[in-house]
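Residue numbers (my numbering), protein chains in the order written: chain A, 1 to 149; chain B, 1001 to 1278; chain C, 2001 to 2266; chain D, 3001 to 3667; chain E, 4001 to 4341.
It is worth saying that the hints were derived from the structure and are not from the lab. From a predicted model like this one, the values you see are computed outputs, not experimental measurements. A hint or two may mislead.
Claimed, not checked - Partial list, derived from the structure: chain E residues whose beta carbon lies under 8 Å from chain C:
1. 4049
2. 4053
3. 4056
4. 4067
5. 4070
6. 4072
7. 4234
8. 4238
9. 4239
10. 4243
11. 4289
As the list claims (entries may be wrong) - Simulated crosslink set (SDA-like; lysine to any residue; CA at most 20 Å straight-line):
12. A/114 - C/2263
13. B/1261 - B/1039
14. D/3518 - C/2250
15. C/2061 - C/2105
16. B/1226 - B/1205
17. E/4075 - B/1039
18. A/140 - E/4259
19. A/30 - D/3134
20. C/2030 - E/4139
21. A/137 - E/4139
22. B/1273 - E/4303
23. D/3613 - C/2250
24. D/3241 - D/3316
25. D/3059 - B/1091
26. D/3080 - D/3164
27. D/3256 - D/3277
28. D/3059 - B/1016
29. E/4179 - E/4092
30. D/3136 - D/3089
31. E/4260 - B/1197
32. D/3613 - C/2094
33. B/1141 - B/1205
34. A/114 - D/3292
35. E/4138 - E/4199
36. E/4201 - E/4043
37. E/4118 - B/1039
38. B/1218 - B/1197
39. B/1218 - B/1181
40. D/3252 - D/3292
Ideal Cβ placement from N, Cα and C applies to all residues, glycine included.
So you can see what is in the structure, the chains are spelled out below.
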Amino acid sequence: MAEFEPKIVAFVCNWCTYAGADLTGTSRIKYASNVRIVRFPCTGRIDYMLLVKAFDEGADGIIVSGCHPNDCHYTSGNFHARRRWIMFRSLCDFIGIDIRRIKFSWVSAAEGAKWADIVNSTVAAIRELGPYEEYQKVAKKPVKEVING
Amino acid sequence: MTNNLYMPYQMKVERITYEAPGVKTFMLRFVNEDDQNKFDFRAGQFGEYSVYGVGESTFCIASSPTRKGYIECTFRQTGKVTNALSDCEEGSIIGFRGPYGNTFPLDEWKGKSLLFIAGGIALPPMRCVIWNALDLRDNFKDITIIYGARSTKDLVYKHELQDWGSRPDVKLITTVDPGGESPDWKGEIGFVPTIVEKVAPSSKDTIAIVCGPPVMIKYTFPVLAKLGFSDENIFTTLENRMKCGFGKCGRCNVGKVYVCKDGPVFTLAQLNKLPDEY
Amino acid sequence: MDELIKRAKELLEAGTVKVVIGYENGSADKTRALFAIEPKDADKLIFDSRCVMNLATYITKAEVKGKGKMAITATLPVMRAIIQLASEFQVNDSNLLVLGITPESKMIEFKDLAEVEAFVHKYTIEIEAKYSEKLEKLDKMTPSERWSFWIEELSPCFKCYACRAACPMCYCHKCTVEFNQPQWIPVPSHDLGNLEWHMMRAIHLAGRCIDCDACYNACPLGIPLNLLTKRMLIDAKEHFGGYQPSIKADHLMSTYKPDDKDNFIM
Amino acid sequence: MSKIGVFVCHCGENISATVDCARVAETSGKLDGVAYSVDYKYMCSDPGQSLIKSAIKEKGLTGVVVAACSPRMHEPTFRKACAEAGLNPYMCEMANLREHVSWVHEKGEATTEKAIDLVRILVEKVKYNQSLNAIKVPVTKTALVIGGGIAGIQASLDIANTGHKVILIEKDPSIGGHMSQLSETFPTLDCSQCILTPRMVEVAQHPNITLYSYAELESVEGFIGNFKVKIRRKSKSIDEKLCTGCGLCTTKCPVKKIPSEFNEGLGMRTAIYVPFPQAVPNKPVIDREHCTYYLKGKCRICEKVCPIQAIRFDQEDTIEEVEIGAIVLATGFSVKQPDFFPEYGYGKYPDVITGLQFERLASASGPTLGEIRRPSDGKVPQNIVFVACAGSRDEAKGIPYCSKICCMYIAKHAMLYQHKVHGGKSYVFYMDIRAGGKNYEEFVRRAIEEDGVNYVRGRVSRIYEKNGKLIVKGVDTLLGAMPVDIEADMVVLATAGVANSDAEALAQKLHVSYDAYKFFAEAHPKLKPVETNTAGIFLAGACQSPRDIPESVSMASGAAVKVACLFSQDELTRDPLIAVVNRMAPPVYSSCVGCFLCVSACPYQAIEKEEIKNRAGEVIKTLARVNPGLCQGCGTCVAFCRTKSIDLQGYTHEQMYTEVMALLNEY
Amino acid sequence: MKSDRRLVRKGSLEKLFEVLKGDNRQVYAPFSRNGRTSYRKIEKFSDIATDYIQTTQSSKEVSFPRTEKILDYSKNADGMSVKGIEPDQIPQIMLWGIRPCDAMGIGELSSIFNWDYKDEIYNNRLSKVTVLGFSCSKTDEYCFCTSVGGNPGNTEGSDILFTQLGGNGDYLAEILTEKGEKVIALSPELFEAAGDIEKEKFLADVPVKFSHKEIYGKLEKFFDSEEWVGQSLRCIGCGACAYVCPTCACFDIQDDSHGKLGSRVRCWDSCGFSLFTLHTSGHNPRNVQSARWRQRIMHKFSYMPERLSVYGCTGCGRCSRACPADMNILEHLTSIKEAAL
């Protein structure tokens, strides 16, 4: 059997992490190709329901990344985001969603190498954890038929 | 399963006509020839049109039952499903189930004159009857169509309006709301009820079919009464929200009357007996 | 509660308010909401330990609000809800008069919502011991065990939305579940749909939930969904210094502190 | 009916070396809604762009996905190309195959698969893109400058000189600010008033400047280009038009013992007064708090002596309403007040004074006419101690920041003292000497080396009086923390520069952010130092943090340029990637329930309340409304809204949801 | 057919259960958790709840699941492939322990699903269900089956009706249909001959509060009554009453899509929800709770009898027990009966 290739979705802000990932490219730093980036203007725009949707549709891991505190292009979007993450992460944990599969990071536009590290370490960690079968067991039977069981 | 009521016919979108801002007409052909051969409907009936993965939406069949082999529908983008329908291309496959509901009693109208009064996007349910009647033109005496829209660009079936307008056996009056006229507009200017009053069609042996936005309907009925139309000779259609189309899902009833089964066609006499739940 | 009845009558007779919302005896040993419109209706008003439904859920309902100025029999949780609602511009002094009932079952009539707020602020929201125990038990489980627990507990949910209807904070006319472009939360009731609905509700109540247990009490299936909001309450305390409804202060989740915790962020 | 074109760029070999571009194009071509797909060597080249443009025209494309480099690089390029071909530029999206794929992954199947995924995500997104048009906001070309110190004066003059109208408001009776109080200025020791007064006069005479002295900001509504401002013009109790400024009234006023603000309490003024001889406008005001007539209902001497009957006791405050396009905040700073230094005996010992008081002593126009005489007995101090960092850099005092200007003015003070009091001894207690700036370090060295000022590195712990002397207890850390006691005749405290007491209230009125010390916050510490987070409101001078004169003037000119840039357009064009609150037909109007939690989440105060009224004019619903002039498009409100009533154009719910769906499912 | 009466020993029930479980059959029976009782697939006899007057949820899910797939689709190169649900996917169900009121409700629910258009999905499911009813020996103040044409020992709708003879006694089994006979055939030895048993003696006494015909007559002119507003003021507009009701059939149709693949499902809906009848235009024919409450009552006591010739209420009292706002249907119907027109 081929080695498990985790599916990782990255939700990043345009001004820091997206630019940081661009810098990873311009610096030609190689990293695992398992990640797909979805670009947002700001971490403040990232709806936590989107993270849940990513798991619903089969993601094994998620990266959420934006500007370091005080660096937000919009001053405080990342501060607002952080507060939401704190609550969301705790709720996920409480419900039993494996929060080791959701990585939060601050990656600035100058941190190309850090972005590569984040991706690589996340991929390695998720590879270790394996596919998120526990969630998929619930998500992939969307129509629970009481009778058909 | 032999008879899954919810299983749509697969329909291919054969032609898309842009009617007005947000309004399109689809010409739909059955993917499966058997389906087409078995399929039959009558003027006034409706169906559930669906985009797979999005959902179903209810609207009338806008083509005439006299035209075989295809059906047409006209819809305005208002919600999730109509938005998705609007994104379909010629060649797309959509679902259709129906026909549902009652019909305009064209047989009973034999030998009478027909007066069609429509406003805005409500012409489609009537278009079905108009073509049906025109295809059986000898069965009826005068056919008069009064159609109005907010502005010239909101008029639907523009090509057919031209067609009807040029026929000697149809009297077509089109109107737009004051301010909605384009520089080259040759029709009337004014609200539909006003124009009906102005045109003053005869009520003698005449059936009036009225479809349009609630306000238009509200002000047209009294005009028709003044012109001598009895409540039994005024027909309209109701559009309540529905999901199944056949009397089960529990949404469309107006009192004990189910729009999906007892309607959508009602005479004013019938409407007058209904509670205000539509 | 003769005092309450007397005052309700006075208010209705004087036309100060158009409706007094309170409790009356209901089926079996239950109590239910009473809407006293005529002064004589007020005779049915009662108050005792069975009166736990959060009446604040009614003050945002068009059918009740539409009657005119309301007076409401308000226990501490109801008052908290009122203050949170006031902070969200859903009620104000011009449409609501609060007939408070203290935890000692004494009636106090408040001049305005500011007074209600001051009263509410005398008490902090504490999670009952029986719930703390449950929460601790859950905390001790492995994530997988918690996951199984919740999937199992939420599986009976048939999405009747009694939790939402009974919750004073769920006053939106169109809930997220009814938002369908895109369909964020699946409409049908199934494991995933149930999970997402309850997660979403819990997080929407973070920093707003006044811990009245109305949702749990309303649930016809006895699902312990109030554990979710209690967890949010504990987090609010742990991370943001606690939650207390307040008319003027910034909402807990729409504000931030530059030094909010970020040890989980790489 | 989507007809999407997918344009896959090889970027020479930058992309094609690791990504199979032909396969990306081929696979994307099979996606629902893709009408055309092609790969090409350089999409950004002229022929590449032409390829896109002709495909748009020929195939009637409704959307374009360019799979090439980072959108941060070429999104504007391709959006422009689309626009030139008649497609709305916002119907174009870019998939980043270079920075995010080819440059970071090895050649191989997985890399091409990722490229295909990225294209698919954006194809699905584009289906939900909407044509957007740039937002136009009209601009009222009048600026309001708040504060008539050097920063406000400079900003007003610069803006006025670009040909635009300026309204300058100053809360005191005269403009001039702190600079007018200063004796000489560092590092050149030129006379402060000599360089300032001409500017003040220029302001008064400038045809484009309307000066309202003795006036304060009452309220502000609106947004960039379109502020509606109310100005409270406090009653001066004189008819300004009539008054010639002869000054007779001020000489006859019987109330003569009011500590003069201008002289920092070291001199006295009358109740009807002009703050200082060079004041602009040079017309008196009546200080109603001290005027006998207002206090006791009797006196009116000024009225009697006024040769032209210009006194108006019954004059009331007036509210001036003006329409403004931009606002420059130049409200300056204050110095920490006496009760702050119990250990230094400020307020207890009259000869412990602040730096600003020393300026007045040293000033030729001051109460001692420039002679250094101590307040208690008017004697010339023979020993003088200057204490730096009095409050500043003192976490215990709640002022951890450096007030920045003190090191320099202390050096100046000491120097001035040495120049004026020959044989006098001066000591400076300091923590560090911060003399960054052109000729600044040299200036300090001069004080030490040429003028013999004794610099002692260490803090002063206490000052107390003993035998008519002020004992300054400190340590010299350069001598191993050796205790140092100095018997001084006078002590000057370099008190911390702090925000004005009303700064917070003003910031709230204007909806600008402020820092923990109530200084107004710049929009970006490096790149937007004169902007605030509220579009159209700019900062100049020490209201942002303590500043010296050249910095304040530079900032003022910077802010003036920002205002001039804004005023160079008749309409403001803004990116339409902003939030909008949904609107629906009555009776629903919107799914917004008006909880306004978004208001506090918005970093730009861009969300306002909108009232929906029925025909009778009654409010039937209150909704949130995003002001397109203020919204910057961060989307924080969007993720916050429970009813999903706010959406962000360009990053809508549908678009972002679809991206996630498309990323993880087969299409 | 005339019912066959047998005696089943108390101890034989478990044996019967074991027999029923086998051979591609599932037993659905009451199960208690969190103090609520609902039907679900039971593997162990001891899991069956016995201490209930009425289950919290009705058993309608056996034929009308809360969420039910009606088709699957997949997009492919040639277009669209759409598949319905095959009947053989539906297992045989032994519905154990339902009350006579619920059994009567099956007919009421069926009449909705067979009004002109025969809903084969529903009918198929129901055809696989064998109803093993248990008469009521206990009642509470919410029960009113006798007011709507039922009774605690009503055989209508059951294939076999068990009546326990005394608190801890054996059971009288009335075999009422062919399906019932098939059950006997599985294990005839458990069904002994029954002597002369006066069943009524062991049944609960449910007082008659009104007659449903009386309500029907009243409702004919009641549409515009102010009574609806008063009654519904405390209704909070949830769907608890509809979802626990054995005869409520309102549903929604929703699509679930995952790229190329997806399905269409039918799921429960409730006329009590404020957006139930909302048009996309924003117009809502039932825009106040009183109109929605009226719909619920009128549908069951006026529209259904008129259009389908059955009443839509079995008197099980579940809606009242489940209501978070203590809407009590019995009380409301009584006040309708007594209201002046």
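Which of the stated hints cannot be reconciled with the structure, identified by number in ascending sequence? 1, 2, 5, 6, 15, 17, 19, 21, 23, 26, 31, 34, 36 and 39
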